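*Asks:* Fit chain B to the given chain A structure using the hints.
Here are the chains, one letter per residue:
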Amino acid sequence: MSEKSDITLNINGRDHHIRVESRRTLVDAIREECGQSGTHIGCEHGVCGACTVLVAGEPVRSCLMFAQQAEGKAIRTVEGLAQGDEMHPMQRAFMDHHGLQCGFCTPGFLMLAVGVLEREPEISDENLIDVLSSNLCRCTGYQNIIKAVRSAAAEMRRS
Amino acid sequence: MTAHTKSSGTSWVGRSIRRLEDPALVTGQGRFTADLPANHWVRFVRSSVAAGKLESITAPAGAGIITAADITALKPIRPMLSKFNYVPVGQPILARDVVRFTGEPIAAVYAASKDEAEDLAEQVEVAIAETAALVDGSLALLEGAPLVHAEAPGNVIVEGRIRTPDFDDVWRSAHKVFRVNTRSRRQNAMPMEARAGHAIYEAATGRVTLTCTTQMPHLMRTAICDIVGLRESDLRVVAPDVGGGFGQKMSLAPEYVLLVWLARRLRSSVAWTEDRRENLIASFHSRDQHVELEGAFNADGKLIAVSANVIANVGAYSCFPTTCGVEPLMALAELPGPYDFRAYSCVSRGVLTHTCPMAPYRGVSRPVITLAMERLMDKAACGFEIEPTEIRRRNLIDKFPYTSATGLVFDEGTYKQTMEMAIDAIDVPAFRKQQKVARANGRYLGIGFATFSERTGYGSPAFAARGMEITPGWESVFLTVDPSGFVEARIGASPHGQGLRTTLAQIIADEIGIDPQFITVVHGDTDRSPYGWGTFASRSLVISGGASLLAAQKIRAKLIKMASHMLEASPDDITLKSGSAHVTGTDRSVSIVAMARAAYHQTHIFKGEIEPGLTEVGSYDPSGTFSNACHVALVEVDIATGQVDVQKFLVAEDAGLIINPMIADGQVHGGVAQGIGNALLEEIIYDETGNILTSTLADFLPPTTHEIPEIELHHIATLTGNSITKAKGLGEGGAIGAPAAVIGAINDALSAFGVSIDEMPATPQRIRAALRSSGKMA
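Taken in order, these protein sequences are the chains called A and B.
Residue 141 in the working numbering sits at position 141 of the first sequence, and the numbers go up by one each step.
Residue 101 in the working numbering sits at position 101 of the second sequence, and the numbers go up by one each step.
Just chain A, same shape as in the assembly (with noise of 0.2 angstroms):
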C-alpha cells in the first residue's frame, strides 16, 4: 500500500514530478504534491464536484481518479483559466452575476462549466442546467451560477 512510484503530472501546461503511492488520488496530488490548493475537496465520494479539474479536456471527479491515471494527460485547474492578469470570461461572468458567495464550490462549477462549453459551445439551456446539476453549490441557489455560465457562453461564442 505505502510503496511509492514517480510519475509527472502535467497540470496548466507545467509539469510536475512527483512520487506517490498508487493509492494517492489526484486532487490529492494537485493539492499536496504540486501543491495547486485553488482544486477543492467537498465530499471524496463524487457527488459534489468541488474538486472537478480537466484531464485532457473533460471535466473529471478528480477524488475519484488516482494521480497515477493522469500522468501523460494535460491537466487544467481554476489556477490556469486566467491569461496573466486577463481573466477568463467563465471567471468574469462568476463575479459580474454574483455567481458565488463563500467560493468553496467555484473552482468546481467554474472548471466543469468552461470544460462543457469548450466542447458544446452551442449547449442548449435545458442540456446547461443538466450538467450543472453535476456540482452542488449550498450558497447561492444556483440562480446566478446559471446566469454567469449563460453569460459566459455567450462570450465566449463570440471570441
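Just so you know, the hints here were simulated from the structure itself, not pulled from any lab data.
No experiment lies behind these values; they were computed from the predicted model shown.
A hint or two may mislead.
[Stated by the list, open to error] Simulated restraints, written as ranges between beta carbons of each label pair:
id: 1; chain 1: A; residue 1: Gly57; chain 2: B; residue 2: Ser113; range: 28 to 38 angstroms
id: 2; chain 1: A; residue 1: Ser133; chain 2: B; residue 2: Glu55; range: 44 to 54 angstroms
id: 3; chain 1: B; residue 1: Ala63; chain 2: A; residue 2: Gln68; range: 26 to 36 angstroms
id: 4; chain 1: B; residue 1: Lys399; chain 2: A; residue 2: Glu118; range: 51 to 61 angstroms
id: 5; chain 1: B; residue 1: Ser268; chain 2: A; residue 2: Arg23; range: 22 to 32 angstroms
id: 6; chain 1: B; residue 1: Thr520; chain 2: A; residue 2: Gln83; range: 25 to 35 angstroms
Idealized CB from N, CA, C, for every residue including glycine.
*Replies:* Just chain B now, with coordinates in the frame of chain A:
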C-alpha cells in the same frame, strides 16, 4: 468603477457593485484552512455506536494516540443558561467512560501524513459495551426511558412555558378550532467546506495560532482558553476563507480544543481535515423539531388564541456559546410570527437523545414554527371556505409598533403589502383556473403561501432575555485611514460568503467620500480584528454595518476638522467627495491622502487641536428589527410517484434599505434553496439503534440545479428607525419561508384527497403513504 456598477446614483449604498471578495476566489487564490501544511495530521477515532460504556482502547505499539486519560486537565464544554429550567451538561473533549452518539470522538491519533493517520486510526481497537440508545425526541420523554445524562431527569434539558392570563377565557369563546401536527426531520447544514482546523505552536512566544472553519473566532478563543487554561493573549484564532457555515460553524467543536492542546504538547503544527462522512455524522446537526399546535378562531375567521407544544431533539450535548436552548426558546418566543392574537399558551422543550448534538441552523426553529402557523392558516382557510390569502389578510399585523403576545415589539413592516404584491405578481385567479383545467386532466398543481417575520440585527438585551451566560449582541469596528490614505476597517463580525467586505465598504465609502476599492475590511483574525461575536442570526450587516457607519461618521468629522485647518475654511463649508475635502463654492481642496499624511507626519500644523493619527471606533448594540416577506411556491405533484416538482418560486421581501441589491438577492436565493431542500429532500436518518444511515451526499440530498426553479424577487423598503443604516438584514428569511410555502402548495395540490402533509421533508415515500392511506387512490 462605473463598469462594475449596475445602477448608478450619487451614493455607493444601493448599488450592485461587484464584490471585493471575488477576484481571489475565482482564481483559486482563496485561502481555506485545509490548504495549510502541517507536521502532524490528526485523525479522530469515533464511536461506532450511539450509547455504551467505553471499556478499552487499544492502539498499535508506538502509535501517537491521545485519549481522555491524557487530557484530564481539559475541562468539558459546559454551556450555560440561567433561565428556563436549563440543566447544564458537560461534553468531554474526548469521550470518557461512556459514549453518547455515533461519531463522538473517542481518541485522536496523529502521524506525519493524513494517509498514515487514517491507517493508524483504522488499527485502533475500541471496546464498547453497548447500551440502549434513544433516537426519537418523543420517546426520550417517556417514563422509564434511559437517561442520556444523569443530571437531566426525563431527558429534558431546557423547558420554556408561556400562558397568558386570559388564555382559558379566550379559548372557551372559540367559534372554530383547527389542529396541526408538524415536524421537520433532522438535517445537516452541510456547508460545502467541511470542518478543518490547524494549530501551530510558536516556540519564541509560547503562543498557539489556531486556524479553523469558524463563524465566531473570538468566541472560539474565549472558550478554548477557558477549557485549556490559557490567557486569551496566548491564543490567536484565525478564520481564513470559510466555505459556508449556516450555523454549523458557530459552535465550539471539541476537535479544535484537542488541536490546540496537541500543538502545545508536541510544540509543533497539527492539522485535522474532516471528511464528508464525519461531517454528516459528527458535525453539528439541525432541526429535528416537532410542533403540535391548535388555533382558535372567532366567527369572522380571526385567530384569537394559539396553544402549542414544541419538542426539539437537541442531541447528546449542548452547544457553546448559544446552548441548545437556542432553537426551542426561539420557537417559544416567536411562534406567533406576524399574526395578531393575544391569548397564547406554549410549552417548548429541548430533549436529550443519543444523537449528534445540534447547532443553530439558518432560520433557527422559524422554518418549523412558520410551517406550523402557515398550516394552521391554510386549514382555517379550508374550514371557513375562503382563499388562503384571505385568512392571512384577516390576521396579519398592520399597526406598528406592535407588541406580540410574547412581548416582542415589531417595528414597522409590510406584512400585508408584501402578500398583496405577491398575489398580484403571481395572478392567483389565473392560477386557480389553470389548476382546475389541469386537475380535469389528472394533473395536480398547487399554490402555497408563507407570510412570516424574520427577527434580525438584535443586540444584547434580546439575548439577555434568554438568560444566556454569554450574551452576544454588540459589534465594534476600528476604522483607520493609514498614512498612505487607504482605509482599513477591522471588524468583529466574521463573514464567510455574505459579501460583508463589499457592503461595509459601501457604507464607509459614502461617509468619507472615497471609492470602496480603497477600503479593506479585515475580519476573522483575533490578532487583527476587535473582539466581536462573528456572523450569525442575520446580524452582521445591521450591527457591524451600524458600527461601521458610526466609526465612519467620526472619521468624517475628523477629516472635516483637519481640512478646515489645512484649507483655512469653516468646517461648515467643507464637503468630502471623490477622495478629497473641498471648500464649497471655491476650487480649493485637499486630498484624503494629504490629510492622512498630515495626521501622522505633520501633526504640528494642527497646533494641538487635533489628536494625532486617524483611527476611530464605532460600537453598536441595537434593539433589533424585523424583516418580513411573503413566499409563494407553485408545485406539481405526481400522484403516481409522490414526486414534487417546484415549478415557480416568488418572494416579495422587505428588508429595509438594501445596501447592495445583487448581494441581497443572492442571500434570498440561497436561503430559498436551503428551504426547498428542507421541504423536499434533506434528512439525516438514524436507525432505531442510533446508527446513522445517511453518511454520504448520495444519501443526504441537498438540492441541485434540477430542484431549484427560477426564483422571482420583489422588494419593498421600509426605512426603520431601529437600524441606523436602515438595513434590516435578510440572511435567514429565504430558509424560513420556503419550507412552508412548498408544503402548503403540496397540500393545495392534493386537496381532493383530504390528506394533510405536515412532515418535512415531504419525500415521495411520505406523500405516497399519505395518498394510500386516504383511501381515495385508485
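*Asks:* CB of Ser133 of chain A to CB of Glu55 of chain B, is that within 44 to 54 angstroms?
*Replies:* Since the Cβ atoms of Ser133 of chain A and Glu55 of chain B sit about 47 angstroms apart, the hinted range of 44 to 54 angstroms holds.
*Asks:* Indicate whether the distance between the beta carbons of Lys399 of chain B and Glu118 of chain A respects the range 51 to 61 angstroms.
*Replies:* Holds, since Lys399 of chain B and Glu118 of chain A (Cβ atoms, about 59 angstroms apart) stay within the stated range.
*Asks:* Assuming the hint says 28 to 38 angstroms, is it satisfied by the Cβ distance from Gly57 of chain A to Ser113 of chain B or not?
*Replies:* 32 angstroms, holds
*Asks:* For the hint 22 to 32 angstroms, verify it against the beta carbon of Ser268 of chain B and that of Arg23 of chain A.
*Replies:* 26 angstroms, holds
*Asks:* Does 26 to 36 angstroms hold as the CB distance between Ala63 of chain B and Gln68 of chain A, or does it fail?
*Replies:* 29 angstroms Cβ-Cβ, so the 26 to 36 angstroms window holds.
*Asks:* At the C-beta level, are Thr520 of chain B and Gln83 of chain A separated by a distance inside 25 to 35 angstroms?
*Replies:* 27 angstroms, holds
The structure meets every hint from the earlier list without exception.
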